[in-house]
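Asker: For reference, the chains in residue letters:
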Amino acid sequence: MIRRSFVLGALAAGAFAPAAGAHTLYPQWVAYRRKHLLIGCHRKDPETYRLCQSLVEALNHAMPKAQARVARAPHPQRLASLIGTDQMELAVLSAPDAVKMAAGAGRFAPYGRIALTRLLELGDHLLVAEAGFPVRHGWMATSALHDSGLVRPLTAEAPGDLHAGAQAFADGLSLDDLPND
Amino acid sequence: MRSLFIATALVASTALTAFADTTDQKWQTKVVLDKQGDHCADDPNCFNRYHPAIPAAARANPGDTIVLHSRDALDSDLTLDSVAADLAAVDLNLVHPMTGPVHIEGAKRGDVLAVTLVDIEPDEYGYTVIAPGFGFLRDIYTEPYVVNWRLNRLHAVSDGMPGVKVPYEAFLGSVGVLPGEEEVQSWKAREAALAVAGGIALPPQPVGALPTAVCGPEGSHKDDCLRTIPPRENGGNMDVQQMQVGTTMLFPCFIDGCGLFVGDVHYAQGDGEVSGTAIETGAVVTLTTEIRPGAGAFIKAPAVEGGQQIKDIEPSEFYQTVGLPLKDGGFVPPYHTYLDAAEISDLTNLSEDLTLAARHALLQMIEYIQREHGLTSEQAYILASVAVDLRVGQVVDVPNYVVTAVLNKDVFAP
Numbered sequence: 006m007i008r009r010s011f012v013l014g015a016l017a018a019g020a021f022a023p024a025a026g027a028h029t030l031y032p033q034w035v036a037y038r039r040k041h042l043l044i045g046c047h048r049k050d051p052e053t054y055r056l057c058q059s060l061v062e063a064l065n066h067a068m069p070k071a072q073a074r075v076a077r078a079p080h081p082q083r084l085a086s087l088i089g090t091d092q093m094e095l096a097v098l099s100a101p102d103a104v105k106m107a108a109g110a111g112r113f114a115p116y117g118r119i120a121l122t123r124l125l126e127l128g129d130h131l132l133v134a135e136a137g138f139p140v141r142h143g144w145m146a147t148s149a150l151h152d153s154g155l156v157r158p159l160t161a162e163a164p165g166d167l168h169a170g171a172q173a174f175a176d177g178l179s180l181d182d183l184p185n186d
Numbered sequence: 003m004r005s006l007f008i009a010t011a012l013v014a015s016t017a018l019t020a021f022a023d024t025t026d027q028k029w030q031t032k033v034v035l036d037k038q039g040d041h042c043a044d045d046p047n048c049f050n051r052y053h054p055a056i057p058a059a060a061r062a063n064p065g066d067t068i069v070l071h072s073r074d075a076l077d078s079d080l081t082l083d084s085v086a087a088d089l090a091a092v093d094l095n096l097v098h099p100m101t102g103p104v105h106i107e108g109a110k111r112g113d114v115l116a117v118t119l120v121d122i123e124p125d126e127y128g129y130t131v132i133a134p135g136f137g138f139l140r141d142i143y144t145e146p147y148v149v150n151w152r153l154n155r156l157h158a159v160s161d162g163m164p165g166v167k168v169p170y171e172a173f174l175g176s177v178g179v180l181p182g183e184e185e186v187q188s189w190k191a192r193e194a195a196l197a198v199a200g201g202i203a204l205p206p207q208p209v210g211a212l213p214t215a216v217c218g219p220e221g222s223h224k225d226d227c228l229r230t231i232p233p234r235e236n237g238g239n240m241d242v243q244q245m246q247v248g249t250t251m252l253f254p255c256f257i258d259g260c261g262l263f264v265g266d267v268h269y270a271q272g273d274g275e276v277s278g279t280a281i282e283t284g285a286v287v288t289l290t291t292e293i294r295p296g297a298g299a300f301i302k303a304p305a306v307e308g309g310q311q312i313k314d315i316e317p318s319e320f321y322q323t324v325g326l327p328l329k330d331g332g333f334v335p336p337y338h339t340y341l342d343a344a345e346i347s348d349l350t351n352l353s354e355d356l357t358l359a360a361r362h363a364l365l366q367m368i369e370y371i372q373r374e375h376g377l378t379s380e381q382a383y384i385l386a387s388v389a390v391d392l393r394v395g396q397v398v399d400v401p402n403y404v405v406t407a408v409l410n411k412d413v414f415a416p
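Here the protein sequences line up with chains Z and A, keeping their order.
Here the working numbering is used: the first residue of the first sequence is 6, the next is one more, and so on.
Here the working numbering is used: the first residue of the second sequence is 3, the next is one more, and so on.
Pulled out of the complex, with its shape left as it was, chain Z reads as follows (with noise of 0.2 Å):
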């Protein structure tokens, strides 16, 4: 535990940091989205909403230099073209959504295929994440909530992979045997 507190207090701010740039308006918007770790959200299912304040809670409980924040979008095809051009990197998202999203289906067809992966169980939702956030983030993230409170096992069908980070931080592994992304 003691170095766990001592890895995740020296995160430095900007430690989540989305790739993208290329698709937001203006060049500050980065320096936003370097700065916080957003997880994204929907009007549409109340729930995904209370799920998201109570995760960014309890990240910035444990790792208060995340400065993790919660991105309300009006439903959740806005989060499918967030993630799907970079802009956002994680969700909350019920299970049957989440599948849809992953397999460009439904009215998430505009949007095409989006490789989802599985951070965190919520019980019938879950947190997203896109394939592409780093493993250490997502190890980090992990390791950050798997107290809270919040997870519980997932009560339906999910998309495919656990993330790496997740998964590693389920076989065990330490921060320092994973690879720099």
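Quick caveat, the hints were computed from the structure, so don't treat them as lab data.
Treat the hints with care, since some could be wrong.
[As the list claims (entries may be wrong)] Non-contacting residues of chain A with respect to chain Z, defined by C-beta distances greater than 12 Å in every case (computed):
id: 1; residue: E107
id: 2; residue: T118
id: 3; residue: Y127
id: 4; residue: G162
id: 5; residue: Y170
id: 6; residue: Q244
id: 7; residue: V247
id: 8; residue: V286
id: 9; residue: Q322
id: 10; residue: V397
id: 11; residue: V398
id: 12; residue: D399
[Unchecked claim] Calculated cross-link-like contacts (lysine to aspartate or glutamate; reagent style EDC-like; alpha-carbon spacing at most 16 Å):
id: 13; chain 1: Z; residue 1: K105; chain 2: Z; residue 2: D166
id: 14; chain 1: A; residue 1: K190; chain 2: A; residue 2: D226
id: 15; chain 1: Z; residue 1: K40; chain 2: A; residue 2: E145
id: 16; chain 1: A; residue 1: K329; chain 2: A; residue 2: E354
id: 17; chain 1: A; residue 1: K167; chain 2: A; residue 2: E126
id: 18; chain 1: Z; residue 1: K49; chain 2: A; residue 2: D79
id: 19; chain 1: Z; residue 1: K49; chain 2: A; residue 2: D83
id: 20; chain 1: Z; residue 1: K40; chain 2: A; residue 2: D141
id: 21; chain 1: A; residue 1: K313; chain 2: A; residue 2: D412
id: 22; chain 1: A; residue 1: K224; chain 2: A; residue 2: E183
id: 23; chain 1: A; residue 1: K167; chain 2: A; residue 2: E319
id: 24; chain 1: A; residue 1: K411; chain 2: A; residue 2: D273
Each residue gets a CB set at the ideal place from its N, CA and C atoms; glycine is no exception.
Please arrange chain A on chain Z, whose structure you already have, making use of the hints.
Answerer: Showing chain A alone in chain Z's frame:
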């Protein structure tokens, strides 16, 4: 017998009403573009990039009454109960949704299109936001913030701005005509050169671009559709509050038919729009047009003809701060970073610099609003965006040009 009497009375009544009512008497030829669907992407009358290949959504003759239903600047889903977290998920590739283009019959490249603003009927909701990284004080205000306004034709009020009523002084944040192919290439080149030099100039971005067939990722002109953020010689996102109802705006026409468009209605805005947004809203906009043949030879950029309107938007009571081009040593303002910043970093006084003077005036005004009117720093910045005018005092008294900030104190009237 009784039913016959009733029927006869009804006919008489109807006939009397028809003759007495002016509603049925018509003389205007109206061209109307309604909104269709929730967003610009759903609407064949809406687009968000500029290119001459964008097809006309309607055709009108000069003198026709043109009625255009417009969307808010962000093509957003913001509502009266929106919070800062909603702003963080806005898709910024969607700005600005424009209604049109309208082909004006008989207009030719080289003419000037005179556009008279007849009316703006605002929606009932508007918003003003601080968007991270955007706005004049973007280095100070780095977190999202939103004020939701309730609008009518008199004033805007908000639970997020207690004690404030902003007068209705609506205008078109964006209005203009489509560029020609020659202008597209010229403007694209000059903005690309500026970007290379470190300035803020965005290249064409097909993601989210509309119409998809012309400007989208597989569009016919995806690399040439200009973004709507900068105003240019064709008008566009000028954000000039003096373009009030009753004024006539002049645009050099670059393509046959001109390609008139409107959008981004501002319910009210201070000169400067310092937070990056005014009171943003959708609206029903009514216009008429006139062609001035050949006037493009001498009108090369937008101009405005007006009268009393410029006085009507003046405050009856005001407070004014005076800004000078002063700063702290070691500080490089965000607007100067692409220039020779090392040269000016240690200076505390810049020469002939209106931008820095404006910043100085605005910072003093925000401090005044907080001190005298009890608003928070973010509220004061938002209020400055919608009710404070930045004005040039003088550009001769070297090295200290003056910009003032004028607060319309009418907003505090009970």
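Asker: Taking the hints in turn, state whether each one holds.
Answerer: Hints, verified against the model:
1. For E107 (chain A), the shortest C-beta to C-beta distance to chain Z comes to about 36 Å, beyond the 12 Å cut-off, and the non-interface label holds.
2. No Cβ of chain Z approaches the Cβ of T118 (chain A) within 12 Å, the least distance being about 32 Å, so the stated non-interface status holds.
3. Every Cβ of chain Z is farther than 12 Å from the Cβ of Y127 (chain A); the closest lies at roughly 14 Å, confirming the non-interface assignment.
4. Under the 12 Å C-beta cut-off, the non-interface status given to G162 (chain A) relative to chain Z holds; the minimum distance is some 17 Å.
5. With a minimum CB-CB distance of about 27 Å to chain Z, Y170 (chain A) clears the 12 Å threshold, and the non-interface call stands.
6. Taking the minimum C-beta to C-beta distance to chain Z, about 26 Å, the non-interface status of Q244 (chain A) holds against the 12 Å cut.
7. Chain Z leaves V247 (chain A) outside its interface by the beta-carbon criterion, the shortest separation being 30 Å against a cut-off of 12 Å.
8. Distance check for V286 (chain A) against chain Z: the nearest CB is about 23 Å away, which clears 12 Å, and the non-interface claim stands.
9. Here Q322 (chain A) stays apart from chain Z, with its beta-carbon at least about 30 Å from theirs, past the 12 Å limit.
10. Against chain Z, the non-interface label of V397 (chain A) holds: every CB pair exceeds 12 Å, the least being about 29 Å.
11. No Cβ of chain Z comes within 12 Å of the Cβ of V398 (chain A); the nearest lies about 34 Å off, and the non-interface call holds.
12. Every beta carbon of chain Z lies more than 12 Å from that of D399 (chain A), the smallest distance being close to 33 Å; the non-interface claim holds.
13. This hinted pair checks out: K105 (chain Z) and D166 (chain Z) have alpha carbons roughly 14 Å apart, not beyond 16 Å.
14. Among the hinted pairs, K190 (chain A) with D226 (chain A) is consistent with the structure: their alpha-carbon atoms are about 8 Å apart, no more than 16 Å.
15. Between the alpha carbons of K40 (chain Z) and E145 (chain A) the distance comes to roughly 10 Å, so the proposed pair stays at or under 16 Å and holds.
16. Among the hinted pairs, K329 (chain A) with E354 (chain A) is consistent with the structure: their alpha-carbon atoms are about 13 Å apart, no more than 16 Å.
17. Taking the CA atoms of K167 (chain A) and E126 (chain A), the gap is about 15 Å. The hint holds against a cut of 16 Å.
18. The straight-line distance between the Cα atoms of K49 (chain Z) and D79 (chain A) is roughly 12 Å, inside the 16 Å bound, and the hint therefore holds.
19. Using a Cα cut-off of 16 Å, the hinted pair K49 (chain Z) and D83 (chain A) holds, with the two alpha carbons roughly 14 Å apart.
20. Restraint check: the Cα-Cα separation between K40 (chain Z) and D141 (chain A) comes to about 13 Å, which is no more than 16 Å; the hinted pair holds.
21. A distance of roughly 14 Å separates the Cα atoms of K313 (chain A) and D412 (chain A); the hinted pair therefore holds under the 16 Å criterion.
22. The straight-line distance between the Cα atoms of K224 (chain A) and E183 (chain A) is roughly 13 Å, inside the 16 Å bound, and the hint therefore holds.
23. Taking the CA atoms of K167 (chain A) and E319 (chain A), the gap is near 14 Å; set against the 16 Å cutoff, the hint holds.
24. Proximity of K411 (chain A) to D273 (chain A) is assessed by CA-CA distance (about 15 Å); at most 16 Å being required, the pair is judged to hold.
Violated hints are absent here; each numbered hint is respected by the structure.
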